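Protein chains in written order, with my numbering: chain A, 1 to 260; chain B, 261 to 562; chain C, 563 to 917.
Quick caveat, the hints were computed from the structure, so don't treat them as lab data. On a predicted model such as this, the values are computed, not experimentally measured, just so you know. Some hints could be false.
Below 25 Å or equal to it, Euclidean Cα-Cα: the simulated SDA-like pairs (lysine to any residue) are [stated by the list, open to error]:
1) K151(A) / L520(B)
2) K50(A) / E210(A)
3) K50(A) / F169(A)
4) K370(B) / V227(A)
5) K742(C) / T780(C)
6) K370(B) / M539(B)
7) K695(C) / F169(A)
8) K254(A) / P476(B)
Simulated coverage check for chain C against chain A, where a stretch passes if three residues somewhere in it have a Cβ under 8 Å from a Cβ of chain A [said to hold, decoys possible]:
9) 571-585
10) 650-658
Among chain C residues calculated to face chain A with C-beta under 7 Å, some are [what the hints assert, rightly or not]:
11) G831
12) I884
13) T916
We put the CB at the ideal spot given by N, CA and C, even for glycine.
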Amino acid sequence: MPDASRWLRAHLWLVYAFLYLPILVLMGLSFNRGGMPTAWTGFSTAWYGKLIASPQIVSSAVNTLIVAAVSTAIATALGTLLALGVERRRQSNALDALLFAPMIIPDIVLAISLLSFYTLLGFSLGLHSIILSHVVFNIAFVCAIVRTRLKHFDYSVVEASIDLGASEFTTFRRVTLPMIWPGVLAGAMLAFTLSVDEFIIAFFTAGPGESSTTLPMRIYAMIRFGVTPEINAMATIVMLFSFTLVLASQRIGKGVVTGS
Amino acid sequence: MLRGVRDFRRAGRGSNMTPRLRSWLLMLPGIGWLTVFMIVPCLIVFFYSFFERGVYGGIDYIFGFQNFERAGEPVYRTIFLLSARIALEATVIAVLLAYPAAYAISRAPKERQTRYLLLVMLPFWSNYLIRTYAWIVLLNRAGLINRGLAGMGVIDEPLPILYNEFAVVTGLVYNYLPFVILAIYASIQRMDPALREASEDLGASGWTTFRRVTLPMTLPGVAAGAVFVFVLSIGNFITPDLLGGGRLQMVGNLIYDQFLSARDWPFGAALSLILILIMTLLLFAQAMAVNRARGEGRRADA
Amino acid sequence: MSAAPVMALERVTRRFGRVTAVDGVSLELAEGEFFALLGPSGCGKTTLLRILAGFEAPDEGRVMLDGKDITGLRANRRPVNLMFQSYALFPHMTVWGNVAYGLEMEGLPRAEIARRTGEILELAELSDLAGRKPDQLSGGQRQRVALARALVKRPRVLLLDEPLAALDKKLREQMQLELKRLQHEVGLTFVVVTHDQEEALVMADRLALMDAGRVVQTGGPRDLYENPASRFVAGFIGVSNFFEGTTAAGGLATEAHGLLRSAGEGAPGRPAAIMVRPERIVLAAEKPADHNGALGEIADIAYHGNDLNLHVAVAGSERAVIARVGAADETASRWRPGQRVWCCWRPEHGRLLTE
Numbered sequence: 001m002p003d004a005s006r007w008l009r010a011h012l013w014l015v016y017a018f019l020y021l022p023i024l025v026l027m028g029l030s031f032n033r034g035g036m037p038t039a040w041t042g043f044s045t046a047w048y049g050k051l052i053a054s055p056q057i058v059s060s061a062v063n064t065l066i067v068a069a070v071s072t073a074i075a076t077a078l079g080t081l082l083a084l085g086v087e088r089r090r091q092s093n094a095l096d097a098l099l100f101a102p103m104i105i106p107d108i109v110l111a112i113s114l115l116s117f118y119t120l121l122g123f124s125l126g127l128h129s130i131i132l133s134h135v136v137f138n139i140a141f142v143c144a145i146v147r148t149r150l151k152h153f154d155y156s157v158v159e160a161s162i163d164l165g166a167s168e169f170t171t172f173r174r175v176t177l178p179m180i181w182p183g184v185l186a187g188a189m190l191a192f193t194l195s196v197d198e199f200i201i202a203f204f205t206a207g208p209g210e211s212s213t214t215l216p217m218r219i220y221a222m223i224r225f226g227v228t229p230e231i232n233a234m235a236t237i238v239m240l241f242s243f244t245l246v247l248a249s250q251r252i253g254k255g256v257v258t259g260s
Numbered sequence: 261m262l263r264g265v266r267d268f269r270r271a272g273r274g275s276n277m278t279p280r281l282r283s284w285l286l287m288l289p290g291i292g293w294l295t296v297f298m299i300v301p302c303l304i305v306f307f308y309s310f311f312e313r314g315v316y317g318g319i320d321y322i323f324g325f326q327n328f329e330r331a332g333e334p335v336y337r338t339i340f341l342l343s344a345r346i347a348l349e350a351t352v353i354a355v356l357l358a359y360p361a362a363y364a365i366s367r368a369p370k371e372r373q374t375r376y377l378l379l380v381m382l383p384f385w386s387n388y389l390i391r392t393y394a395w396i397v398l399l400n401r402a403g404l405i406n407r408g409l410a411g412m413g414v415i416d417e418p419l420p421i422l423y424n425e426f427a428v429v430t431g432l433v434y435n436y437l438p439f440v441i442l443a444i445y446a447s448i449q450r451m452d453p454a455l456r457e458a459s460e461d462l463g464a465s466g467w468t469t470f471r472r473v474t475l476p477m478t479l480p481g482v483a484a485g486a487v488f489v490f491v492l493s494i495g496n497f498i499t500p501d502l503l504g505g506g507r508l509q510m511v512g513n514l515i516y517d518q519f520l521s522a523r524d525w526p527f528g529a530a531l532s533l534i535l536i537l538i539m540t541l542l543l544f545a546q547a548m549a550v551n552r553a554r555g556e557g558r559r560a561d562a
Numbered sequence: 563m564s565a566a567p568v569m570a571l572e573r574v575t576r577r578f579g580r581v582t583a584v585d586g587v588s589l590e591l592a593e594g595e596f597f598a599l600l601g602p603s604g605c606g607k608t609t610l611l612r613i614l615a616g617f618e619a620p621d622e623g624r625v626m627l628d629g630k631d632i633t634g635l636r637a638n639r640r641p642v643n644l645m646f647q648s649y650a651l652f653p654h655m656t657v658w659g660n661v662a663y664g665l666e667m668e669g670l671p672r673a674e675i676a677r678r679t680g681e682i683l684e685l686a687e688l689s690d691l692a693g694r695k696p697d698q699l700s701g702g703q704r705q706r707v708a709l710a711r712a713l714v715k716r717p718r719v720l721l722l723d724e725p726l727a728a729l730d731k732k733l734r735e736q737m738q739l740e741l742k743r744l745q746h747e748v749g750l751t752f753v754v755v756t757h758d759q760e761e762a763l764v765m766a767d768r769l770a771l772m773d774a775g776r777v778v779q780t781g782g783p784r785d786l787y788e789n790p791a792s793r794f795v796a797g798f799i800g801v802s803n804f805f806e807g808t809t810a811a812g813g814l815a816t817e818a819h820g821l822l823r824s825a826g827e828g829a830p831g832r833p834a835a836i837m838v839r840p841e842r843i844v845l846a847a848e849k850p851a852d853h854n855g856a857l858g859e860i861a862d863i864a865y866h867g868n869d870l871n872l873h874v875a876v877a878g879s880e881r882a883v884i885a886r887v888g889a890a891d892e893t894a895s896r897w898r899p900g901q902r903v904w905c906c907w908r909p910e911h912g913r914l915l916t917e
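Model the full assembly from the supplied sequences, consistent with the hints where possible.
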């Protein structure tokens with residue numbers, strides 16, 4: 001069916017254009033001296049300079065990285081253990097539902113639930129509350145990814161290791177972990193990206209003031225209350241950062257992003 | 261050989277942890293965290309929805325269904341219906357765009373398919389706010405699209421394509437399209453290619469084969485993608501907030517308002533509960549439909 | 563058993579829910595012997611092997627090693643090693659890493675680990691492949707690595723779970739003899755689980771035939787082949803011909819063939835059968851006086867290259883009697899389908915089986 005193929009391919013390229021046009025426009029604008037989409041006034045990296053010079057932006061970027069690093073570390077450890085525990089049992093719909101829930105619940109519902117929870121307990125809000133909240137969806141995420149890896153795991157190598165004299169812990173350390181490590185690492189990188197990009201939950205569970213503002217929160221404020229051209233530069237940097245992590249994750253985890 | 265004898269005198273009997281216990285221990289920290297930081301908060305919201313807003317913005321612990329009755333009032337019902345309609349529009353458009361794209365990828369040479377998929381998924385992994393902001397830039401009166409169309413002489417006046425329903429739907433489609441493509445692609449891949457060949461061998465044209473074999477068999481993947489988009493769209497907050505310009509209120513915005521400006525947490529909780537209920541019903545319906553389709557398939561094989 | 567057995571199972575039972583996989587099994591393994599656990603799928607032989615390895619704990623009974631009770635001893639503490647059906651090689655380690663792993667678990671000094679690993683790789687002709695990973699090896703090479711990995715630890719008993727199942731016919735026959743030779747060389751006790759009765763007959767010094775969780779008969783290959791204890795054993799091992807009837811004085815009373823004489827006797831009047839192996843059946847135009855005989859018509863002649871199997875339709879039996887004639891036998895060429903012929907055998911070559 002040569003005709004159909006041609007139309008299909010054309011459609012695919014149109015979809016790509018649709019998907020990447022906004023991204024490319026932002027990237028292009030970030031180098032526009034004028035900063036506005038109205039006219040191209042020449043190539044300039046001035047906006048990037050302004051970004052770095054702004055203490056608020058830098059501090060919120062640092063906050064974001066802290067939140068992402070800590071929440072990813074905790075979530076990866078807990079999520080991996082969770083996956084290992086779940087995969088050795090029989091299929092349980094209740095358990096699966098629990099593990100998928102954080103990814104399905106609308107983030108605004110999760111956000112207000114956590115806010116209510118913290119307020120009820122009199123828990124102080126700050127970067128730490130964001131971290132605790134981010135771990136929730138990251139656990140589910142890492143767990144889902146590692147579980148997919150484990151489905152193809154040949155369990156007889158674990159028995160072989162035990163048969164050859166290794167203890168449970170040594171077997172985990174020298175056989176199981178190295179074998180699932182690429183999947184775990186890829187999952188961690190994707191979880192890190194998710195945390196960096198996350199806005200709503202951070203917005204609701206952050207404390208007052210600059211000290212617990214994350215980058216997405218700052219971006220939101222900038223969009224809502226006055227667009228300045230630095231935002232294009234920031235958008236470009238954040239996007240490139242995410243893309244790099246995702247591509248690296250796909251390479252290490254061999255198909256974790258595309259599910260192949 | 262003597263080593264063996266030494267060892268089992270030391271070990272004693274049954275120091276083996278049963279597999280069940282071990283799996284529970286592994287799962288405990290993760291499940292504990294999810295319980296404390298997800299289940300408990302959701303339960304709190306569940307309970308809040310039955311209480312009332314206190315005079316000074318706190319909570320009056322008076323039990324009642326007043327929040328739910330209020331949610332049924334015309335003004336709020338309209339918002340729910342509007343959200344559902346917008347979500348539905350976004351879902352339909354996304355599926356219509358996604359299916360041919362997924363099909364095209366599945367017919368590409370095998371080595372390239374992963375690359376095509378990766379390119380599709382990449383935007384999905386960028387910041388949601390940024391992606392939405394990009395459409396503000398594109399769609400506003402002085403933005404690229406209007407200026408492009410004006411430059412080509414297609415229009416005289418800039419089109420009002422921002423801060424309205426059109427913009428919101430576009431934003432939703434843009435954000436979730438990659439995921440739908442992935443879901444449909446996976447479903448197409450799972451299908452046995454021999455079925456397509458059998459259909460052609462029996463005389464069906466390409467289009468008929470698609471209509472009567474491929475499409476029905478890939479429908480579960482389409483359904484999964486569609487439900488996902490619908491559920492995520494209906495509870496969406498950022499897109500209507502940024503692209504609706506404050507004029508478009510969807511359920512997500514409503515809930516946000518209750519917690520930030522109106523300070524009526526119980527009402528916000530009730531709205532969230534209704535939202536989750538709708539979601540759960542949809543997911544349930546989808547699961548049942550999938551099961552039924554699978555059951556019929558099995559009966560047909562028997 | 564003249565010397566003390568190296569391993570023994572005493573009335574071992576293992577249940578999974580309502581299914582009894584192993585039912586009161588007692589076995590002894592002699593030092594240095596090649597033992598086979600044979601049986602149809604689901605008979606419990608794999609479960610039994612895993613009990614020996616320590617991966618399953620029996621619900622009842624004891625597992626003994628060198629006279630000591632090791633029932634509660636975990637798998638990683640037993641000087642018993644298992645070669646898995648899927649080989650279970652560690653994909654992220656090289657051949658060397660895989661083989662040295664077990665020695666590392668013993669806490670031996672590095673020099674000794676290196677020496678013993680090198681030796682066994684040499685023996686298994688894997689030295690050139692030492693740096694490769696499992697996915698870079700062929701099926702046969704992987705099998706040798708799995709074997710080397712278990713053997714290098716010099717276990718008291720080596721267990722092999724269907725070791726030749728993944729190989730094609732010719733390679734399998736070759737490997738059967740290889741394994742037997744290897745076992746002789748290293749002098750270890752081997753226990754092989756297999757569902758292939760021919761394989762068990764070729765390789766084993768002694769074998770146990772299992773059915774539905776029980777051991778039906780134990781003995782040398784010749785014992786089980788020539789003196790099966792029951793119809794199940796006779797039917798499972800080799801090819802057999804059954805002549806049905808009722809026990810009577812002097813043998814078996816049959817409807818179609820009169821009284822068939824037989825050595826064994828049971829209480830008269832019981833339903834029974836005489837089992838005769840195909841190679842013991844002599845085909846003749848006339849029945850010799852001192853032979854038992856059944857008259858029939860040649861239905862099929864199956865040519866197997868080195869011999870002929872003649873299928874003779876005989877009154878009173880649903881299945882054809884199978885007679886084996888060596889291709890070099892001069893009489894072989896005279897048989898044609900449709901010919902009437904007597905299937906004869908000497909009474910001492912038939913075995914009376916009442917169950």
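Against the structure, the hints:
With a C-alpha separation of about 44 Å, the suggested pair K151(A) and L520(B) falls outside the 25 Å cut-off, and the hint is violated. For the proposed pair K50(A) and E210(A), the alpha carbon gap of about 19 Å is at most 25 Å, so the pair holds. Straight-line distance between C-alpha atoms of K50(A) and F169(A) comes to about 52 Å, which puts the hinted pair past the 25 Å bound. The suggested pairing of K370(B) with V227(A) is violated, with an alpha-carbon distance near 44 Å, which exceeds 25 Å.
Between K742(C) and T780(C) the alpha-carbon distance is near 19 Å, which keeps this suggested pair within the 25 Å criterion. Between K370(B) and M539(B), the direct Cα distance comes to roughly 36 Å. Violation of the 25 Å bound is thereby established for this hinted pair. Restraint check: the Cα-Cα separation between K695(C) and F169(A) comes to about 24 Å, which is no more than 25 Å; the hinted pair holds. As the CA atoms of K254(A) and P476(B) are separated by approximately 31 Å, the hinted pair breaks the 25 Å bound.
Interface restraint, the segment 571-585 of chain C with chain A: violated (0 residues with C-beta to C-beta distance below 8 Å; minimum three). Proximity of the segment 650-658 of chain C to chain A, defined as three or more residues with a beta carbon under 8 Å from a beta carbon of that chain, is established by the 5 residues found. With a least beta-carbon distance of about 53 Å to chain A, the hint placing G831(C) at the interface is violated under the 7 Å criterion. Hint status for I884(C) relative to chain A: violated, with the closest Cβ pair at about 40 Å, above 7 Å.
Here the hint on T916(C) is broken, as its CB sits about 43 Å from the closest CB of chain A, past 7 Å.
Violation of the numbered hints given earlier is confined to hints 1, 3, 4, 6, 8, 9, 11, 12, 13; the remaining hints are satisfied by the structure.
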